[in-house]
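Q: Sequence:
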Amino acid sequence: MQIMIDTNVLISIFLFPSAKMHSLVDAITEQHTIVLPSYVLEELKGVIKRKSPQKYALLDRFIQELPFTLAYRPEILTPAGYLEKYA
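So that you can map any letter, position 32 of the sequence shown is 28 in the numbering used here, and since no number is skipped, the others follow by simple counting.
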């Protein structure tokens, strides 16, 4: 099964590591596939940079070590947005 993790969960895993959180991530990755939309990664980087800049340098390593499938999401999702950008 594929499981999407939102930005708040990733923030908790990254900023507040614990044995329980580590066990949860291990259980998920052993039995399932984590799916992260591109916008979640972008939002995660923005939040960490703003709220915890001293840990921002560690974020890339965290992302690299987390096994996940990237789900790219285009920037524009609505027909109106598409028309505005490409009209």
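Hint data in this document are derived by calculation from the structure and do not stem from the laboratory.
A quick note: this is a predicted structure, and the numbers were derived from the prediction, not measured.
Some hints could be false.
Unchecked claim - Simulated restraints on C-beta separations:
1. M0 with E61: 12 to 20 Å
2. K47 with Q27: 25 to 33 Å
3. K47 with M(-3): 25 to 33 Å
4. K16 with K51: 16 to 24 Å
5. Y68 with A15: 30 to 38 Å
6. G42 with F12: 26 to 34 Å
7. R46 with E26: 28 to 36 Å
8. M(-3) with K45: 27 to 35 Å
9. P49 with P13: 23 to 31 Å
10. D56 with M0: 18 to 26 Å
11. Q27 with Q50: 15 to 23 Å
12. Q60 with I(-1): 14 to 22 Å
13. D2 with D22: 13 to 21 Å
14. P49 with Q27: 33 to 41 Å
Said to hold, decoys possible - Calculated cross-link-like contacts (lysine-lysine; reagent style BS3-like; alpha-carbon spacing at most 30 Å):
15. K45 with K16
16. K51 with K16
17. K47 with K16
18. K41 with K16
19. K51 with K41
The beta-carbon is built from N, C-alpha and C at its ideal position, and this holds for glycine as well.
Q: Next, verify each hint and record whether it holds.
A: Hint-by-hint comparison with the structure:
At roughly 19 Å, the beta carbons of M0 and E61 sit within the given window of 12 to 20 Å. Take K47 and Q27: their Cβ atoms lie about 31 Å apart, and the range 25 to 33 Å holds. Checked against the given bound of 25 to 33 Å, the beta carbons of K47 and M(-3), roughly 31 Å apart, stay inside it. Between K16 and K51 the CB atoms are about 20 Å apart, so this pair conforms to the stated range of 16 to 24 Å.
The beta-carbon spacing between Y68 and A15, approximately 33 Å, falls within the hinted interval of 30 to 38 Å. Checked against the given bound of 26 to 34 Å, the beta carbons of G42 and F12, roughly 18 Å apart, lie outside it. For R46 and E26, the hinted distance range of 28 to 36 Å is satisfied, since their beta carbons lie about 33 Å from each other. Here the CB-CB span from M(-3) to K45 is close to 32 Å, well matched to the stated 27 to 35 Å.
In this structure the hint that P49 and P13 lie 23 to 31 Å apart at CB is violated, the actual value being about 18 Å. Range check, D56 to M0: about 21 Å between beta-carbon atoms, so the 18 to 26 Å window is met. Between Q27 and Q50 the CB atoms are about 34 Å apart, so this pair departs from the stated range of 15 to 23 Å. The hint said 14 to 22 Å for the Cβ distance between Q60 and I(-1), and at roughly 19 Å that hint holds.
Separated by about 19 Å at the C-beta atoms, D2 and D22 satisfy the suggested range of 13 to 21 Å. Take P49 and Q27: their Cβ atoms lie about 35 Å apart, and the range 33 to 41 Å holds. In summary, the hint linking K45 to K16 is supported, as the alpha carbons are separated by about 25 Å, within the 30 Å threshold. For the suggested pair K51 and K16, the alpha carbons sit about 21 Å apart, so the restraint of at most 30 Å is met.
Straight-line distance between C-alpha atoms of K47 and K16 comes to about 23 Å, which keeps the hinted pair within the 30 Å bound. Among the hinted pairs, K41 with K16 is consistent with the structure: their alpha-carbon atoms are about 23 Å apart, no more than 30 Å. At roughly 11 Å between alpha-carbon atoms, K51 and K41 fall within 30 Å of each other, so this suggested pair holds.
Checked against the numbered hints given earlier, this structure breaks hints 6, 9 and 11; the rest are met.
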